[in-house]
Amino acid sequence: MGVRTPQPPLSVSLHSGRVVFGGEALFEDLDMTLVGGRWTCLLGPSGVGKSTLLRLVLGLETGVGNDGETGNGGLVTCSDGGEISGRAAYMAQRDLLFPWLSVIENVTLGSRLRGERDGRGHLREQALSLLEGVGIAANAEDRPDTLSGGMRQRAALARTLVEDRPVVLMDEPFSGLDAITRLRLQNLAARLLKGRTVLLVTHDPLEALRLGHRIHVLAGRPARLDIPLEPEGAPPREVDDPALLKLQGVLLKRLAEAAR
Amino acid sequence: MRAWRALIVLIGLLVIWQAVVWLTGAQDWVLPGPTAVASAWIESRQLILGHAVWTATEILAGLVCGSLLGGASALSMAYFRPARRWLLPVLVISQAVPVFALAPILVLWLGYGLASKVAMATLIIYFPVTSAFYDGLRRTELGWLDLARTMNAGRWATLWHVRLPGALPALASGLRVAAAVAPIGAVVGEWVGSSAGLGYLMLHANARMQADVMFAALVTLAALAITLFFTVDALLRQALPWQPESAPAND
Numbered sequence: 001m002g003v004r005t006p007q008p009p010l011s012v013s014l015h016s017g018r019v020v021f022g023g024e025a026l027f028e029d030l031d032m033t034l035v036g037g038r039w040t041c042l043l044g045p046s047g048v049g050k051s052t053l054l055r056l057v058l059g060l061e062t063g064v065g066n067d068g069e070t071g072n073g074g075l076v077t078c079s080d081g082g083e084i085s086g087r088a089a090y091m092a093q094r095d096l097l098f099p100w101l102s103v104i105e106n107v108t109l110g111s112r113l114r115g116e117r118d119g120r121g122h123l124r125e126q127a128l129s130l131l132e133g134v135g136i137a138a139n140a141e142d143r144p145d146t147l148s149g150g151m152r153q154r155a156a157l158a159r160t161l162v163e164d165r166p167v168v169l170m171d172e173p174f175s176g177l178d179a180i181t182r183l184r185l186q187n188l189a190a191r192l193l194k195g196r197t198v199l200l201v202t203h204d205p206l207e208a209l210r211l212g213h214r215i216h217v218l219a220g221r222p223a224r225l226d227i228p229l230e231p232e233g234a235p236p237r238e239v240d241d242p243a244l245l246k247l248q249g250v251l252l253k254r255l256a257e258a259a260r
Numbered sequence: 001m002r003a004w005r006a007l008i009v010l011i012g013l014l015v016i017w018q019a020v021v022w023l024t025g026a027q028d029w030v031l032p033g034p035t036a037v038a039s040a041w042i043e044s045r046q047l048i049l050g051h052a053v054w055t056a057t058e059i060l061a062g063l064v065c066g067s068l069l070g071g072a073s074a075l076s077m078a079y080f081r082p083a084r085r086w087l088l089p090v091l092v093i094s095q096a097v098p099v100f101a102l103a104p105i106l107v108l109w110l111g112y113g114l115a116s117k118v119a120m121a122t123l124i125i126y127f128p129v130t131s132a133f134y135d136g137l138r139r140t141e142l143g144w145l146d147l148a149r150t151m152n153a154g155r156w157a158t159l160w161h162v163r164l165p166g167a168l169p170a171l172a173s174g175l176r177v178a179a180a181v182a183p184i185g186a187v188v189g190e191w192v193g194s195s196a197g198l199g200y201l202m203l204h205a206n207a208r209m210q211a212d213v214m215f216a217a218l219v220t221l222a223a224l225a226i227t228l229f230f231t232v233d234a235l236l237r238q239a240l241p242w243q244p245e246s247a248p249a250n251d
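Chains as they are written, first to last, in our numbering: chain X, 1 to 260; chain C, 1 to 251.
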């Protein structure tokens, strides 16, 4: 994939995260650490604020009332002392492909938005090889609406990878897909995002157990993070791994606790 | 199939028209029948077509001016906060004053020629184009904006690469409305004061009790307006192939 200087893994920490939504604190004084080069997975009942937490780390708006008055926010620091802005890529549940651009144009969107010139076609070359990597190189010139949901999400993954950022934050990226496509994309993501610091918000315990190095359950109001589960073995773990299935029981219990 | 339906509707309307003429026994100078109008059209086709070209020019020029002006207004309102505060009231006022009431003033200022009619058509389509486009620019898919933000896009780049293309379907519906109402502006302008155009021809024929010529001019105007609408519609479809058709195929 071209010449790339390998980046040292970057750890990201959130200190005193706080989001108030409709007069009620979703979470308050919340600390979270994303260990460098590792996958951190975030589970929890719907509405607990998983996505909001991800958005807070990413510096995106966290909903109504985010006007400074409520003091929504938190301190996000990186292990090298730098800022997170410009070093985190985002992937959402919906592919967010622009319907008026071809797949390859979508994949190279970031550089177009930043006004960067693709002088010698390096970017295009790199994008094509990434599309090859996610298995949709043949569709590079197609419009997104001609692709299936799985292929669209592959394109979104390629767009995330082209950004080549040390931190990747994903908000239920595979939840709209059928079971088999989801497993394939999990494998693909685990392989292609190896060595990067990843935060994966998901509602699928199996997905978290296959991909995560650390798995948190976010629960309560204001929400707290529990002591993470740390499954053994390198991701992506096999779905029929007995150790994994045993942990799934533990995790499901934690989730059931959290939903009460 | 579509062409057949249009043809059947057309024939049906002609039959009803003729039936009304027969049943009421209307005089030729009140309501001429389709055949009388057709023969009047053939007789004075050069006169009618000449005036039609004039009216078409007014409509097209108005459409271009109004679209450009409306597009620029919507874009600046979306990008500059002060523009939003100052232009929005102007936009509302431009709609609160009946545009037809302005026609005499426009003729007074801009004369009997092309300019006053173009101004009239421009005024009448300015609002639908601006409001539709501005609405589209404000309703950008939030996920796209989040994505652009994480990619460190500036305000201008976000407007140009995300919000503008995302608002094109909304602009297209504004332009369709514009294509439908622009002829009204031009013809009203002609009625108030002009020396050419289908509206002028109708007034002229009316004064001489030439009802058949009046109807021939009216039919020509209708054909012009319909052609304009469907041409604009087809061009917009061509230009935005990615725009999803929301109506289900079996609707």
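If you are wondering where the hints come from, they were derived from the structure by calculation, not from laboratory data. Bear in mind that the values here come from a model prediction, so they are computed numbers and not experimental data. A virtual CB, placed ideally from N, CA and C, is assigned to each residue, including glycine. Mixed in with the good hints there might be a few duds.
Stretches of chain X that chain C covers, calculated by requiring three or more beta carbons in the stretch to come under 8 Å of a beta carbon on chain C [claimed, not checked]:
{"no.": "1", "stretch": "81 to 95"}
{"no.": "2", "stretch": "98 to 109"}
{"no.": "3", "stretch": "112 to 118"}
Consistency of the hints with the structure:
{"no.": "1", "hint": "81 to 95", "in the structure": "holds (count 7)"}
{"no.": "2", "hint": "98 to 109", "in the structure": "holds (count 4)"}
{"no.": "3", "hint": "112 to 118", "in the structure": "holds (count 4)"}
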